[in-house]
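Given the sequences, and given the hints that come with them, work out the whole structure.
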Amino acid sequence: MDATLARLEQRIERDASQPRVIRFARRHPMLVVGLLLLAVMVFMALFAPWITAWDATEMNVIARLKAPSAEHIFGTDAMGRDIFARTLYGARVSLLVGVCVALVSVAIGIVIGTVAGFSRWLDAIVMRVMDGMMAIPGILLAVALMTLIHASVQTVIIAIALPEIPRVVRLVRALVLTIREQPYIQAAQAMGTRLPVILMRHVVPNLLTPLIVQASFICASAMIFEAYLSFLGAGTPPEVPSWGNIMADGRSVVQLAFGVILFPGLFLGLTVLAVNMIGDGLRDLLDPRIARKL
Amino acid sequence: MTPRAIFPTRLLQTAVLSVATLAAGLAFAATDVKTIHMIPQGDLKILDPIQNPSYITRNHGYMIYDTLFSQNSKGEVKPQMVDTYKVSADKKLWTFTLRPDLKWSDGTPVTANDCIASIKRWAARDVSGRLLGAAIGEMKAVDARTFTMTLAKPFGPVMEMLGKPSSNVPFMMPERVAKTEPTEQIKDTTGSGPFTFKQDEWVPGSKVVYLKNPHYVPRKEPADGLAGGKVVKVDRVEWNVIPDQNTALSAFKGGEMDVYELPPADFLEPLSKDANVKLSIDPLGNQGWLRPNHLVPPFNNAKARQALIYLVNQDEYLAAAGYTAKYRHATCTSYFMCGSVNASTAGAQPYQGGQNLEKAKQLMKESGYKGEKVVVLAPSEPPIQAAAALVTIQNLKKIGVNVEAQAMDWGTLQARRSKKDGWNIFHTYSVGADVYSPAVNAYAQANCDAAPSGWPCDAELEKLRAGWVAESDAGKRKGLTDAIQARMYEVVPYVNFGQFFQPMVYRSNLSGVLNVGIPVMWNVEKK
Amino acid sequence: MNFLIKRIAAVIPVLAVVAVIVFLLLRLSPGDPAVIIAGDTASAEDIERIRRSLGLDQPLLQQFFQWIWRMLQGDFGTSIFTGMPVLKLIGQRVEPTLWLAALTMSFAIVFAVPMGIWAAWKAGTWVDRVVTAMSVVAFSLPVFLIGYALVYGFSTQLGWLPVQGFKSLSEGWAPFIRHLILPVVSGGLIYTALLARMTRATMLDVLGEDYIRTARAKGLPLHRMLLRHALKNAAVPIITTIGLGIAMLLGGVMVTESVFAIPGIGRLTVDSILRRDYPVIQGIVLVTSMAYVLINLVIDLLYGVFDPRIRY
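If you read the protein sequences in the order shown, they are chains R, W and A.
Position 2, counted from 1, in the first sequence is what my numbering calls 2; the numbers after and before it change by one each time, with no gaps.
Position 497, counted from 1, in the second sequence is what my numbering calls 497; the numbers after and before it change by one each time, with no gaps.
Position 249, counted from 1, in the third sequence is what my numbering calls 249; the numbers after and before it change by one each time, with no gaps.
If you're looking for bench data, these hints aren't it; they were derived computationally from the structure.
Mixed in with the good hints there might be a few duds.
Unchecked claim - Partner residues aside, some chain W positions facing chain R, computed with beta carbon under 8 Å:
id, residue
1, N246
2, L249
3, P270
4, A320
5, G322
6, A325
7, E372
8, E381
9, P382
10, L390
11, Q394
12, G400
13, M408
In this text the structure is predicted, and so the values were computed from the model without any measurement.
In this text, a Cβ means the ideal position worked out from N, Cα and C, and glycines have one as well.
Below you can see the structure in the form of structure tokens.
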């Protein structure tokens, strides 16, 4: 008994002496590793022009399909473009797509979901439309949309965000329906507070926690989706390098120069991993029930 | 104890079953000697080679149809379905007699009326067919196997047109099929060629199956180019569509496929080093085309189009598409292919120096270019067109042109270029057989609205072309070819971005493969 | 019974929405099948003639109602390009896709559920951490990357398995399995990860409940507890995830089929979209959506089997 107490005391002393950041990191390893990894990726994307001298789009037909060397760290692709530069600049596009898709789908989802949660007759129509959209496989909808509109980074964002909206709407609507029944909401309504104020002041803040987690998962899946769209020939335009783009361009020559797929693929995998870990970590952080188990 | 220990029996059962299946499956399938597996250049979507000129449909046509005349390996036109032919002294009356034992795949004999109807349908669609059709006065069947063609206007290359090797090929079809409207697709695939089309095994997008035609009687001579006896030495040919290039390459290298029709240029080096792989090259090669839109500025001005010629370094374009020096022809200034019967250097003197960006910039300025937007259609595939677009965009930027690159897939590009405005440049390429003569080269036409996308418009060029086909004397025709090319260098209906060779690759256990640039499977044996 | 009828009736407006979305999507797109059919050297009037013969020049609303009317009679139209009836085209391609989807799902379930249970039972230990880490990694990789890597390893280098293609069961068990191993594993890894995470999370929830602790305290053997009590209660969310996974699969096969040249519905869809073969695209999307809706219906009914509280 004494021995156990003594050991516990030692542990508490040691923990208390460590800075709060380290304690936080030890309790939430996933979140911290994910954030660090993502930070590295964002740093490389932002400071690309300073990290590499090569241009991402400049073709050099003499230096095609070269293996990694001192001059071209990741080698060159089928057009003689430096893969390292393309990967770094591609990070900008892929990260942008991921973040924007998450923001757009969540923003639109909140609006539609709250409306559906509060208005009974609109709810019926909205949910039928959402069910319809969910019945069409996401990639199918996205590819079809991309062939409809002029390919650009903005349209890719819209095409990927659209299939994600119904799930967000469902989540928001379910949450709103629960929140609506809370006594403080009913009290506010009884006191005559107008609906928009109720929404802003009470409903939306309660949505944020689960939505942030959802948003990070949407961001991760959007980055992979973008790769799939490029693979199927319906992604970002060729002069804008994105990881999916680079891999799609190079897949026919992968047996001659594996760098075209390996390096962007690695970066994509690591970034998606980072975002997924952040999502997991956030969920564990913000949902005490599960945290207790660990 | 782990939960896995709880399901030992079930897990064990699954494990044993999997191992057993794998072991059984590891035994490779016995090689199938009587079937040739080919990876075609694309998916066979349309079955009508008269209505549609795409190369895949043309290849399909060569499997199940036959032609009156064909070209041999020297470019000479020889009779194929025709047994004997006569031409009158004034060159206006042609008489053709068919071989006695020709049959359709349903067993009925081929008649003169079938041929007349087929020629009429082809002449309504094909670029050179239209020229011939305009010259024909009437065609009449003399008996079951003989028919005459009376020309109302002089037309020299009658046999060459009837033996035209590439799109649209004047394939012979039964009269009832040939009576279909030229713009509608035929549904009946009865033909008199060396193979038959197995309709019930056709899976669009995946597999096309051909069987040896039991009714086909080949000519007695040995096969030579597209002419001679088309003897089929296998039972079955399967086209397996594999859209992913990487997968196609792996399947071919692994021996799952015998023939790979159009490997991307980058694969050619490593493939040619493989002892089990052989290459089949069409000696004439292909020509790349940069096509400007003649209707809208800035390329409605001839000087601006001439500037485009100075923009082009043929080596650069071909290298960007992946062709190593071995598969590139030296810079060729002949519009009708270097090494063909119509090769010429007329009119090309100003451009002999190759790429000259300064001159290009100057010409653009002289044409009155004020910085308007130039839209280049940039397809993501096929690889040659995609690479060419990127090179053009880069070079235009270098001379200060305001370029807008619009990315799209090939299907969208085809739709966009059919519109009269909204684009300025697109790229494509053609096999030598579609380029080598003023009569067959569709993009060398300058008949304004009736021309393919780009719509060059020049009465002088059209007059020269009409004169060329009316000329029966080969020597006089050469002079006209020079005149036509000289005019083409002034009008610039399109820019030649390079002549190159695109081999077909096949495994070394196949023999008798013909080097014609078309994947015909007669004469081929598999060990 | 009443519940069944109500659920089936609820399907109809969903399908109606799908039909409208799909139709509008395609008819508003810039590609033109008439141009593609006409070919490179056609003139403008040729293209017009072809467009008229395909009925593409009629007003949109008229085209829409014609299409719906014919569909109700069982005629899903004919492919613009190949002239084959759409249902026949789909029928040709259904077999590979169904097998691919079914085997991928089975692969995922067989590996994911036990792993998820194990990780939940050993929560906090290295087992749990490894399973979680592996899941997150597998979840973060694109299918084609895994596919290419597997093909490179097992087909190109080792030569054990074929690179591509599909062999029907009628040609024997061995070729059938050999051709499906790599595609199933490539796609399956991702769904395994997804399902394992979900299983672990739900089992964690359930294992923390009081009745489980009571059962252990009463001396109930481990496997009885895990299977009889825990899993049955965790079944509902797990089945939901499987259902969602099937929806993902129906779309995910598009990429797998492209990589492995499997002649299934996924590739047919990609090809048809890229060449604007409207009737085929419309037919496929409708059939896929109907399948998805049906599967959801089955899942809803399965809930009733596992959770008596959800008996309608």
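Quiz item: Failing hints, ascending?
Solution: 6, 7, 9, 12
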